[in-house]
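Between the sequences and the hints, there should be enough to build the whole structure, so can you do that?
2 protein chains.
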Amino acid sequence: MQYDTIYNIFSLVIASQLFTSIFLVISLPRVLPRYRQALTVAAIVCGIAAYHYFRIFNSFTEAFVTEAVGGRGDYVQVAGASFNEGYRYVDWLLTVPLLLLELVAVLALARKVQSSLLTRLIPAAALMIALGYPGEMASDNLTRGIFGLLSSLPFAYILYVLFVELTKSLDRQPATVRKTISLLRLLLLATWGVYPIAYLLPGLGIDGSDAWVGLQIGYSVADILAKCLYGLIIFRIARMKSFSDDQAFAEVELTLEEATSLKQPLVQNRRK
Amino acid sequence: MQYDTIYNIFSLVIASQLFTSIFLVISLPRVLPRYRQALTVAAIVCGIAAYHYFRIFNSFTEAFVTEAVGGRGDYVQVAGASFNEGYRYVDWLLTVPLLLLELVAVLALARKVQSSLLTRLIPAAALMIALGYPGEMASDNLTRGIFGLLSSLPFAYILYVLFVELTKSLDRQPATVRKTISLLRLLLLATWGVYPIAYLLPGLGIDGSDAWVGLQIGYSVADILAKCLYGLIIFRIARMKSFSDDQAFAEVELTLEEATSLKQPLVQNRRK
Numbered sequence: 001m002q003y004d005t006i007y008n009i010f011s012l013v014i015a016s017q018l019f020t021s022i023f024l025v026i027s028l029p030r031v032l033p034r035y036r037q038a039l040t041v042a043a044i045v046c047g048i049a050a051y052h053y054f055r056i057f058n059s060f061t062e063a064f065v066t067e068a069v070g071g072r073g074d075y076v077q078v079a080g081a082s083f084n085e086g087y088r089y090v091d092w093l094l095t096v097p098l099l100l101l102e103l104v105a106v107l108a109l110a111r112k113v114q115s116s117l118l119t120r121l122i123p124a125a126a127l128m129i130a131l132g133y134p135g136e137m138a139s140d141n142l143t144r145g146i147f148g149l150l151s152s153l154p155f156a157y158i159l160y161v162l163f164v165e166l167t168k169s170l171d172r173q174p175a176t177v178r179k180t181i182s183l184l185r186l187l188l189l190a191t192w193g194v195y196p197i198a199y200l201l202p203g204l205g206i207d208g209s210d211a212w213v214g215l216q217i218g219y220s221v222a223d224i225l226a227k228c229l230y231g232l233i234i235f236r237i238a239r240m241k242s243f244s245d246d247q248a249f250a251e252v253e254l255t256l257e258e259a260t261s262l263k264q265p266l267v268q269n270r271r272k
Numbered sequence: 001m002q003y004d005t006i007y008n009i010f011s012l013v014i015a016s017q018l019f020t021s022i023f024l025v026i027s028l029p030r031v032l033p034r035y036r037q038a039l040t041v042a043a044i045v046c047g048i049a050a051y052h053y054f055r056i057f058n059s060f061t062e063a064f065v066t067e068a069v070g071g072r073g074d075y076v077q078v079a080g081a082s083f084n085e086g087y088r089y090v091d092w093l094l095t096v097p098l099l100l101l102e103l104v105a106v107l108a109l110a111r112k113v114q115s116s117l118l119t120r121l122i123p124a125a126a127l128m129i130a131l132g133y134p135g136e137m138a139s140d141n142l143t144r145g146i147f148g149l150l151s152s153l154p155f156a157y158i159l160y161v162l163f164v165e166l167t168k169s170l171d172r173q174p175a176t177v178r179k180t181i182s183l184l185r186l187l188l189l190a191t192w193g194v195y196p197i198a199y200l201l202p203g204l205g206i207d208g209s210d211a212w213v214g215l216q217i218g219y220s221v222a223d224i225l226a227k228c229l230y231g232l233i234i235f236r237i238a239r240m241k242s243f244s245d246d247q248a249f250a251e252v253e254l255t256l257e258e259a260t261s262l263k264q265p266l267v268q269n270r271r272k
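Order-wise, the sequence lines are chains A and B. Numbering of the first sequence is given in my numbering, commencing with residue 1 and proceeding in unit increments. Numbering of the second sequence is given in my numbering, commencing with residue 1 and proceeding in unit increments.
If you're looking for bench data, these hints aren't it; they were derived computationally from the structure. Heads up, the beta-carbon is just placed ideally off N, CA and C, and yes, glycines get one too. Please note that a few of the clues may not be correct.
The calculated EDC-like cross-link candidates involving lysine to aspartate or glutamate, where the alpha carbons are at most 20 Å apart (straight line), are [what the hints assert, rightly or not]:
no.	chain 1	residue 1	chain 2	residue 2
1	B	K179	B	E165
2	A	K179	A	E165
3	A	K179	A	D245
4	A	K112	B	D171
5	A	K168	B	E258
6	A	K168	B	E257
7	B	K112	B	E165
8	B	K112	B	D171
9	A	K112	A	E165
10	A	K112	B	E251
11	A	K112	A	D171
12	B	K179	B	D245
13	A	K112	B	E258
Which residues of chain B face chain A? A partial, calculated answer using Cβ under 8 Å [claimed, not checked]:
no.	residue
14	D4
15	Y7
16	N8
17	L12
18	A15
19	S16
20	I22
21	F23
22	Y160
23	R178
24	E253
25	L254
26	T255
27	E257
In structure tokens, the structure reads:
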């Protein structure tokens, strides 16, 4: 039953990532060209994640086989084969910097502010993942702890940039968009928080097959929220900003009633 | 653990090449039509590399199998099966001339200058790869050395064309673009420099499984930089040139603020 649970949840992740990616590519013409970079990156992130979950899925089915134990079919680990947790890090090394790029791209800030944010966020994100990998691969808890701690430093820096530095750039965004961006940052904080917790579980002595299944479910759910839901919120922001930038585009994309109702709060906001 | 490292790094290359290729195809409408040839070639190069890394990956998993050694699962080489290094040469034979084509295409020079550069660069690139292959396949160091030396001659000629001949054609490019093109040439020099070094390692008596792992990581990282990063810089140059050629296109693709901030340095530059 544990085997089936993992099997189904991995398949759920593949379906979610693949079809969010396809949805975002199809939806490109539904935002103004200036927001398509953000959507393209969001689609690529979900595509990369789908690819890696295919690999994770294969690694999982190769590491465990059915064996008839007392009349029941039980799944046992294949001697020598081991489930390759490294795929997750390869995935994160590519996708985590891109998730930050999405967020900055959808804001469409002045070029100087954009490149200043990106030159700080992207190396920090890559460093965070690279420092986590030796800890995950290590067998002793001390090494795991040291690399976990080192990896938290760039993580803290990313949070600082997102919650302190970025806030200054939000003033020029429409009010409805500001709210959604705050939501996006909270989603990022909540979902990224799952990874260090999962990382620490073996160190806390929480082990065994139940813990392992819990860990895989935790990572999988976090990956769906942090990539698919995140990408869809980016799409929503891009749509809202497109309508706010270009009334004619809003009237083509929406009914006149919708477009008008959307316009009012923005106008009110400008009056404030 | 060496097995997992190689496994993960090959998978990283596949993901990078495949999704850079998809990204570039999706991004075609985001540059002016005159720069789409360069982007298409860049996408094809990454696609070809992704295909060959699938092959390299399979060749690797077939050449090594798990064997339970004293309770642990160790990876040993399958008797008779050998890892096929030739795939890399087939890849390079196709992609290296195309990388030079990308560079020339994105410059959008006068047709005569273009064909003069290409008729010299492309045969030189093909010759360089073709001469390297017999050396890589040879078992003795003398043959390896001779073909290595022969292969360096077209390599030196390519560098001469890129750094001496091409420089004359750069004057007509916008200043920001000139800088990025210089960066691209340096990237090309730095990454292509990895290949002859890797080629010489066995001749220097550096061998064994650690050296082999190092070599595979070196080739993989060089391939990511020389094809994916290179393709993304080509995309960036194509974007910058599109904006510089057509102010109306820049205003559609960027916010007014971005488009204006982009325009100023270009105008200032023309005044100088």
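Next on the checklist: Holds or violated: the hint that B:Y7 contacts chain A, with Cβ atoms closer than 8 Å.
Outcome noted: 7 Å, holds
Next on the checklist: Restraint: B:D4 near chain A, CB-CB cut 8 Å. Satisfied or not?
Outcome noted: At about 6 Å, which falls below the 8 Å cut-off, the nearest Cβ of chain A leaves the hint on B:D4 intact, so it holds.
Checklist entry - Can we keep the B:R178 interface hint, with Cβ of chain A closer than 8 Å? => result Because about 18 Å separates B:R178 from the closest Cβ in chain A, which is outside the 8 Å limit, the hint is violated.
Item to check | Hint validity - B:E253 Cβ closer than 8 Å to any chain A Cβ | outcome: 5 Å, holds
Checklist entry - Does the alpha-carbon distance linking A:K112 and A:D171 stay inside the 20 Å limit? => result 16 Å, holds
Item to check | Hint consistency between A:K179 and A:D245 [alpha-carbon to alpha-carbon, up to 20 Å] | outcome: 17 Å, holds
Checklist entry - When you check the alpha-carbon spacing of A:K179 and A:E165, does it fall within 20 Å? => result Given that 20 Å is the threshold and the Cα spacing comes to 17 Å, the pair holds.
Item to check | Distance restraint between A:K112 and B:E258, which requires alpha-carbon spacing of 20 Å or less | outcome: 9 Å, holds
Checklist entry - Is the Cα-Cα distance between B:K112 and B:D171 20 Å or less? => result 16 Å, holds
Checklist entry - Are B:N8 and chain A close enough, Cβ to Cβ, to be under 8 Å, as the hint says? => result OK, holds: B:N8 within 8 Å of chain A, min 4 Å.
Item to check | Proposed proximity, B:E257 with A:K168 (alpha carbon, max 20 Å) | outcome: Cα-Cα ~17 Å, so holds.
Next on the checklist: Holds or violated: A:K112 and B:E251, Cα atoms, limit 20 Å.
Outcome noted: 17 Å, holds
In terms of the numbered hints stated before, the structure departs from hints 4, 22, 23, listed from lowest to highest.
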